[in-house]
Amino acid sequence: MRLQARRLVMLLTGLTTSPALWAEWAFNMPEGVTDLSRSIYDLHMTIFWITVVIGVLVFGVMFWSVIFHRKSRGAKASEFHESTLVEILWTSIPFAILVVMAIPATKTLIEVYDADNADIDIKVTGYQWKWQYEYLGEDVSFFSNLSTPRDEISNARPKNPNYLLEVDEPLVVPIGKKIRFLVTGADVIHSWWVPELAVKKDAIPGFINESWAKINKPGIYRGQCAELCGKDHGFMPVVVDARTQEDYESWLQEKREEAAKIRELTQKDWTMSELMAKGEEVYNKVCVACHQLNGQGLPPMFPALKGAEMAVKREMIDDHINIVLYGKKGTAMQAFKDQLSEVDIAAVVTYERNAWGNNTGEMITPKDILDYKKDGKYTGRHSQENAKEAK
Amino acid sequence: MANENQGAGADEGTYYVPAQSKWPIVATVGLFLTLVGAGMMMNSMSAQTSDATGHYVFFAGSLIMAWMLFGWFGDVIRESRAGLYSAQMDRSFRWGMGWFIFSEVMFFAAFFGTLFFIRFFAVPWLGGEGDKGVSQMLWPGFEAQWPLMTNPDPEAFPGPRELVNPWTLPLINTILLVTSSVTCTKAHHALVADNRSSTKTWLMLTLILGFVFLVVQGYEYYHAYHELGLTLNSGIYGSTFFMLTGFHGAHVTLGAIMLTIMYIRIAKGHFTARNHFGFEAAAWYWHFVDVVWIGLFLFVYIL
Amino acid sequence: MSDHHHGPEKGLMRWVLTTNHKDIGSMYMWFSFAMFLLGGSMAMVIRAELFQPGLQIVEPNFFNQMTTMHGLIMVFGAVMPAFVGLANWMIPMMIGAPDMALPRMNNWSFWILPFAFALMVSTLFMEGGGPNFGWTFYAPLSTDYAPPSTTFFIFAVHMMGVSSIMGAINVIATILNLRAPGMTLMKMPLFVWTWLITAYLLIAVMPVLAGAVTMMLMDIHFGTAFFNAGGGGDPVLFQHVFWFFGHPEVYIMILPAFGIVSAIIPAFSRKPLFGYTSMVYAVASIAFLSFIVWAHHMFTVGIPLVGEIFFMYATMLIAVPTGVKVFNWIATMFRGSLSFETPMLFSVAFVVLFTIGGFSGLMLSIAPADFQYHDTYFVVAHFHYVLVPGAIFAIFAGTYYWLPKWTGHMYDTALSKVHFWMSFIGMNLTFFPMHFVGLAGMPRRIPDYNMQFADFNMISSIGGFMFGVTQLLFLFIVIKCVRGGEKAEAKPWEGAHGLEWMVPSPAPYHTFTTPPDVK
Ligand code: HEA
Ligand code: HEA
Ligand code: CUA
Ligand SMILES: [Cu+2]
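Chains as they are written, first to last, in my numbering: chain A, 460 to 850; chain B, 834 to 1136; chain C, 194 to 712.
Just chain A, same shape as in the assembly:
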């Protein structure tokens, strides 16, 4: 509260005394870092000043009447109430002004729509509530989740400057290249927006929208999902990390190596405690948004996993793995097979079957998941503990 009070005082003095203080608060559209964002900014300012001028003229006349044509000052009312000439004038002058505005607007619009001949194609998919980036033709693809700690959101810890505008893995792109974004949605409509790039495109499930940007300056550019997409709409930021061409390429190389490492991990023999630890991590990152911290869910929209039949009944392991891998169509439960590695899936399923009192003691290993993906069946062949019981 103290802080608030101080801010308020600062603000009020700022407002009343020194316009220089205004610089501290962003209160206008950013000019951005692409040629297009600049044109759009200019357009915005042009139209803004036109309306200001019209406003001053119109309200000027009005306040002049308000002040000088008062009855209390003894003003006598005139009787005139019609003039075809002025009607024609004040129809045609605004029309002409509009034509003047329309010309640069149309030009900019046509440019925005010209997404052809791109150097790089990136497919952007909105999920509840994260973004997936696929570098087409590069075999690189990953998800980007909010990384702000829950403690900051619940006010248990002070907020960092990038509060709610930070992710675990940003979209990395090179500068000076025409990047085409192919934007789509996996469940509901989202909207991919980065103000500094002046790109905002709706992510429509089942359709692809194109947009593009050619970034002039390296830097980190932050935006947010701009279409109401459910509960955590306010918590799915977009972060773009624009780098020089070399930096971009070394990053790509790293990404490829990382993928190979993950493949290795799948082959490793995992112990129960390793899986539980990993599972908790995955759960708290990916699943918690819907199924909540202690697996209690938010029924009826998001079912509880604590004590859920599927998570405790042995004969339902198949269904359990299945729903996590392939999701359930037409519900918020999405397919995780491309978002999570076999290791993650095995771990999170194991975790769900053993956490919060779901003490089944069953363990599902990454290799089991590989088998499941192949045969569509859980055999438990690989989990050491269950090895003896399994036929």
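Everything labelled a hint here was simulated from the structure, so no lab data went into it. Treat the hints with care, as some may be off.
Straight-line alpha carbon distances no greater than 20 Å define the calculated SDA-like cross-link-like pairs of lysine to any residue that follow [said to hold, decoys possible]: (1) A:K787 - B:D986; (2) A:K637 - A:T725; (3) A:K618 - C:E252; (4) B:K1101 - B:R914; (5) A:K618 - C:I250.
Could you slot chains B and C with the ligands onto chain A? The hints should help.
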């Protein structure tokens, strides 16, 4: 248009303002219960529970609605026959009915608009044509065509095996409805000529044509579901098909009920050669339903 | 049957069964105000949560329900019924008619509303909560991903639609058929004209909204694929259908306000309205254009370029007839003899602040710039500027203008001026900073935000509470006026014109049983 038996107070200049009436509030309660009941039924259907409360609420609401309709229209008929309505009042009714039909036109316009948008934009885009043709990336193998026999996601929406042939039942239905519009006009002319028995004959014929239409339509639905695999679930073709024909069918039913009441009133000796707005309103409605059908026949079945 | 020459009945049943346009008008006004308080309370929840960053008061899902319900209740529960109430009270009086053309249907139109809103508000208490998908309820968030209560939400919308359509039919029949002899169309007060055109818009677009929610219902329960690409449908189709309704809807909420202001400004300028004829044509042009601009709400959904250009141009064009209206009002004040009673204060504020809202609307209509504005608080600032000091201020203005006629008493003028100034300051404090946070990048419909938006949001919240509390003052002023006070003359405003001022205050239960003579 003057009244059937000009009573006191029905001259130009004074306007009949009805006293308090219980029917509006009855109608509100009826509508409310009907819709709440319907909502409960739908929710328990989708959640696959077998909660029957919705049925009772719905049934109670419908009963109240039916009672209200008899009561309210009964009052209007009595007032009209008592000569309380002036020519001005008659014009109010005409404006009322006319604009009501316009609102119905706009209701159907939403569905026709949907059909055109789907055919000329959405489906071609999904199939890789036009401005948003890149969308095809998401639906490999999908081909745009109309009528849409294979949907982008054939697992969730298995397409229809076959479609209704426009030149069989739908053609018969077109002939039935167009003829019924003619017979309805005939009935009107007979009424104006004060020829009661002829009015009744033509009106009866109209009604029969209308009911046969509904039976044929019902059979067509049965056929579509059981033999053609054309269902509400067979993708956008089935969706638009049943939406448009279904709401049309509902309106035919309503029109037929109105005309039935007109038949009963004529049989009871209501109306005069000059004053029969109730009949005219029902006839307008019937023609409107007929015109909608022509649109359907063209855009849903043939093209 | 013929007891319609007596005064009103007594007790509750008077109101339940009434066919009298004044009774029904009053019920509409009270209902609307109750909804304004309810929707406003929800706005207070929103503003309280947004007072500072972090999640403190409500869960995100509940926040979304508040946003949704606030929008729906304000639009369908507060603004529209208030205008219908004013139409009921004033149109028959202004055109010299005995009552509305179809009095029983009039009663029905009203009574549907409380039931519809009871149903809609009750969804908040159902399992899974109420609608949480915004007042625009875009599919598939409102279909496949919606809470089960959505079924009842849909039926509530159907009921509101039925009510609006019947109300509109009644207005048209009354205006076209019940004018006193001599009251030609071009002699009608502008309020009547704007309502005639509004009614036409209502009849044209409410059924389309009904179509949209019906398709939702089918997608939810009957397996259709209207808004599902997997079956060949398109989620964007929903938006086209919705905004075909939605854009005319926003003019439904402003045209009657134009009518009210056009009555008040001449009265307190003591000068006839400037450019009556062009005012009528301007309203008609706005109504016409409103049908061909809907996709300006969808500039970012990926409409083909030609479509985008068409909708941009058409939208920009609306500035022309709207400008004509603004210029005419100012020309009316020009060289008049102005005084600033409360209705005039609200009207002058209306002209200035609505125009500011119109200017931000014009900025939004520039498609490439809208890519930056869309779905940010800049849009929220725009529409609150046209709706709060637009629609709501006009309703206040009309109420203060005609309240003496309705009640027969003068209200407390000093208090009413306090109400004006507090509303004026509070409202600007609330909504002006929203332009800034919007431009700086704050999306709408979020319960939490980055610190860079904190200061302006705090100002907004403080302004919001101030504006909110002020409205309780309005309630007090109205109740006080209804219960007594200085007797009002038949024509309490010296510069006022029109048939409504020729009957005593309060207006008799049946105003014109025989039509008056109009010169
Ligand atoms: C009463 C309601 C009302 C009114 C009157 C208006 C009026 C206008 N609106 Fe607004 N609008 C809304 C209510 C309203 N709007 C709502 C509720 C939304 C958001 C919906 C949602 O998403 O939830 C919205 C959203 C909205 C958008 C979509 C923004 C987005 O989501 O990205 C756009 C875009 O074009 C727009 C434009 C306009 C324009 C051009 C006008 C014009 O009519 C304004 C014309 C007036 C003037 C221009 C001022 C006076 C004129 C002069 C003084 C003449 C001279 C002027 C010039 C030549 C410049 N509005
Ligand atoms: C006519 C329409 C109308 C009106 C009058 C208002 C009035 C107000 N609106 Fe809103 N608003 C909309 C229509 C309207 N609004 C719409 C359509 C949306 C979009 C919804 C969506 O995104 O889907 C919206 C969204 C919207 C948002 C954005 C929410 C979001 O994006 O998450 C905000 C945020 O501040 C807001 C605030 C307010 C405030 C503070 C008022 C105030 O003017 C309200 C003042 C009134 C009162 C407060 C009631 C009276 C007082 C009491 C009951 C006493 C109690 C008071 C206290 C405890 C202080 N409105
Ligand atoms: Cu995703 Cu909002
Ligand atoms: Cu609009």
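Exercise. Hint by hint, work out which the structure violates, then give me just those numbers in ascending order.
Key: 2
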